[in-house]
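Novice: Sequence:
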Amino acid sequence: MGKKPVPKKKTSAARSARRYGSFKTKTLKKLSGLTALVSCTNCKSRIPSHRVCPDCGMYRGRQVIDKNKKVDKITKVKA
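Straight run, no breaks: the sequence shown in the numbering used here ends on number 81.
Hints in this document: simulated from the structure, not taken from any laboratory.
A couple of the hints might just be wrong.
[To be verified] Label pairs and their computed distance ranges (CB to CB):
#  : residue 1 : residue 2 : range
1  : GLY4      : LYS32     : 35 to 45 Å
2  : PRO7      : THR27     : 26 to 36 Å
3  : LYS78     : VAL8      : 42 to 52 Å
4  : LYS11     : LEU33     : 25 to 35 Å
5  : LYS31     : LYS10     : 54 to 64 Å
6  : THR43     : SER18     : 40 to 50 Å
7  : SER47     : LYS6      : 50 to 60 Å
8  : LYS72     : ARG48     : 39 to 49 Å
9  : PRO56     : LYS31     : 18 to 28 Å
10 : LEU36     : LYS69     : 44 to 54 Å
11 : ASN44     : THR13     : 16 to 26 Å
Glycine included, C-beta positions come from ideal geometry on N, C-alpha and C.
Start from the sequences and build out the full structure, keeping to the hints where you can.
Specialist: So this is what it looks like as structure tokens:
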């Protein structure tokens, strides 16, 4: 059984950051024309299309999420 290949030198932080930055900019360029932001019909905030508005909870003119409802947070689980 032969030895597995390993890197001869450690990859510097600058080199790996540059590689990641290049990947990030390429991906953002691809996605730039695909995501469409629209304004909410109720509160006029900018949201992605076909999504529920996180500010008012409306989707296509009807209330989907009740924002006035108080949610109790669970701090400790009784076992």
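Novice: Against each hint, give a clear statement of whether it holds in the structure.
Specialist: Hint check results:
Between GLY4 and LYS32 the CB atoms are about 39 Å apart, so this pair conforms to the stated range of 35 to 45 Å. Take PRO7 and THR27: their Cβ atoms lie about 30 Å apart, and the range 26 to 36 Å holds. Roughly 47 Å separates the CB atoms of LYS78 and VAL8, a value that falls within the hinted 42 to 52 Å. Distance hint for LYS11 and LEU33: a CB-CB separation of about 34 Å, consistent with the stated range 25 to 35 Å.
Taking the beta carbon of each, LYS31 and LYS10 are about 33 Å apart, not inside 54 to 64 Å as hinted. One distance hint, 40 to 50 Å for the beta-carbon pair THR43 and SER18, holds here, with the actual separation near 45 Å. Between SER47 and LYS6 the beta carbons are some 53 Å apart, a value that agrees with the proposed interval 50 to 60 Å. In this structure the hint that LYS72 and ARG48 lie 39 to 49 Å apart at CB is violated, the actual value being about 27 Å.
Taken as a hint, the range 18 to 28 Å holds for the pair PRO56 and LYS31, whose Cβ atoms sit roughly 27 Å apart. The beta-carbon spacing between LEU36 and LYS69, approximately 29 Å, falls outside the hinted interval of 44 to 54 Å. A hinted range of 16 to 26 Å is violated for the C-beta pair ASN44 and THR13, which are about 50 Å apart.
Checked against the numbered hints given earlier, this structure breaks hints 5, 8, 10, 11; the rest are met.
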